[in-house]
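Chains as they are written, first to last, in my numbering: chain Z, 390 to 497; chain G, 390 to 497.
Hints listed in this document are in silico derivations from the structure and should not be mistaken for laboratory results.
Errors might be hidden in some of the hints.
Any copy will do: because identical chains look the same in the list, a pair fits if it lies in one copy or spans two.
Below, simulated DSS-like cross-link-like pairs (lysine-lysine); rule was C-alpha separation at most 25 Å, straight line [said to hold, decoys possible]:
hint : residue 1 : residue 2
1    : Lys418    : Lys454
2    : Lys418    : Lys464
3    : Lys403    : Lys430
4    : Lys454    : Lys478
5    : Lys413    : Lys403
6    : Lys413    : Lys454
7    : Lys478    : Lys418
8    : Lys403    : Lys419
9    : Lys418    : Lys430
10   : Lys478    : Lys413
11   : Lys464    : Lys430
12   : Lys454    : Lys430
Number of protein chains: 2
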Amino acid sequence: MDLQISLKDVSTEKLFEVYETKFKAIADKKRLQIMNILTEKGEMCVCDLAPLMEMAQSRLSYHLKILLDAGIITKRTEGTWSYYMLNQKEINHLLSEELCCLFRPSSC
Amino acid sequence: MDLQISLKDVSTEKLFEVYETKFKAIADKKRLQIMNILTEKGEMCVCDLAPLMEMAQSRLSYHLKILLDAGIITKRTEGTWSYYMLNQKEINHLLSEELCCLFRPSSC
DNA sequence: TTCCTTTATCAAAAATACTTGATGTAAACA
DNA sequence: TGTTTACATCAAGTATTTTTGATAAAGGAA
Chain Z
390 MDLQISLKDV
400 STEKLFEVYE
410 TKFKAIADKK
420 RLQIMNILTE
430 KGEMCVCDLA
440 PLMEMAQSRL
450 SYHLKILLDA
460 GIITKRTEGT
470 WSYYMLNQKE
480 INHLLSEELC
490 CLFRPSSC
Chain G
390 MDLQISLKDV
400 STEKLFEVYE
410 TKFKAIADKK
420 RLQIMNILTE
430 KGEMCVCDLA
440 PLMEMAQSRL
450 SYHLKILLDA
460 GIITKRTEGT
470 WSYYMLNQKE
480 INHLLSEELC
490 CLFRPSSC
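Modelling step: build the complete structure from the supplied sequences, incorporating the hints.
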């Protein structure tokens, strides 16, 4: 009984850590803007995203990595190019219908 | 035409700032735990929340203020007591149905 | 009034996150 | 082969957030 309760606490604590990571990833103006652009443009490489974001390449890579590590976006490599796109499933899991509208093409 | 586009950019930028604040507020393990407790217990004063959270009072007040400023929770004062509760409407605006389950009593 | 309780706020220190410029790596191409 | 392009990563510096202990404010009780 006590064991079950403490296991539950452990698991919810782990859960909160997971969501801390995910919400931290989207808790940034610039990263929300990246997500918004990816919503509109679909897949994009860093070299095309950088001028749109008005960011140096290393800085953009830093932010992309944070979104990637949190599972908010996915990455596909082709030659020397890295193409990033939204992980729509993850977004739907996380955000309200209303908010998904900001990051879901063709809804609303 | 250009004006409209730039106004749109200004307004989405403002929007992203608003969401940055809200997501930052919930992008913390301890604050998610506070929200979870408030979901279960309803309204609570700081003095009852502090031992549950195993936090010093000043630290708890700091985190409550961040949630309050972001509109995630509301505050009601009675005498020397401050009672905090979830802002259910804001939670529903922000989070997916699935996630709301963590912070919405009696759903799921 | 004086003392106690509850909560907020402050300033300093500690911990995290972010930016920048440089360097590394690997593929493409001449 | 050497050169260029695309991207990741590193280390140092900067900025922001969080924690801590102390103090303040304000209501309730003696």
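Hints, one by one, checked against the model:
1. Lys418 x Lys454: So Lys418 and Lys454 pass the 25 Å test inside a copy (15 Å) and across (21 Å) alike.
2. Lys418 x Lys464: within (21 Å within a copy, 27 Å between copies)
3. Lys403 x Lys430: Answer is between: at 21 Å across copies they meet the 25 Å cutoff, but 34 Å inside does not.
4. Lys454 x Lys478: Within one copy, since 18 Å is at most 25 Å while 32 Å is not.
5. Lys413 x Lys403: both (15 Å within a copy, 19 Å between copies)
6. Lys413 x Lys454: both (13 Å within a copy, 18 Å between copies)
7. Lys478 x Lys418: both (21 Å within a copy, 23 Å between copies)
8. Lys403 x Lys419: So Lys403 and Lys419 pass the 25 Å test across copies only (12 Å; inside, 27 Å).
9. Lys418 x Lys430: within (18 Å within a copy, 33 Å between copies)
10. Lys478 x Lys413: both (18 Å within a copy, 22 Å between copies)
11. Lys464 x Lys430: Within one copy only: 15 Å inside, 42 Å across.
12. Lys454 x Lys430: The answer is within: 19 Å in one copy meets 25 Å, while 38 Å across copies does not.
In terms of the numbered hints stated before, the structure departs from none.
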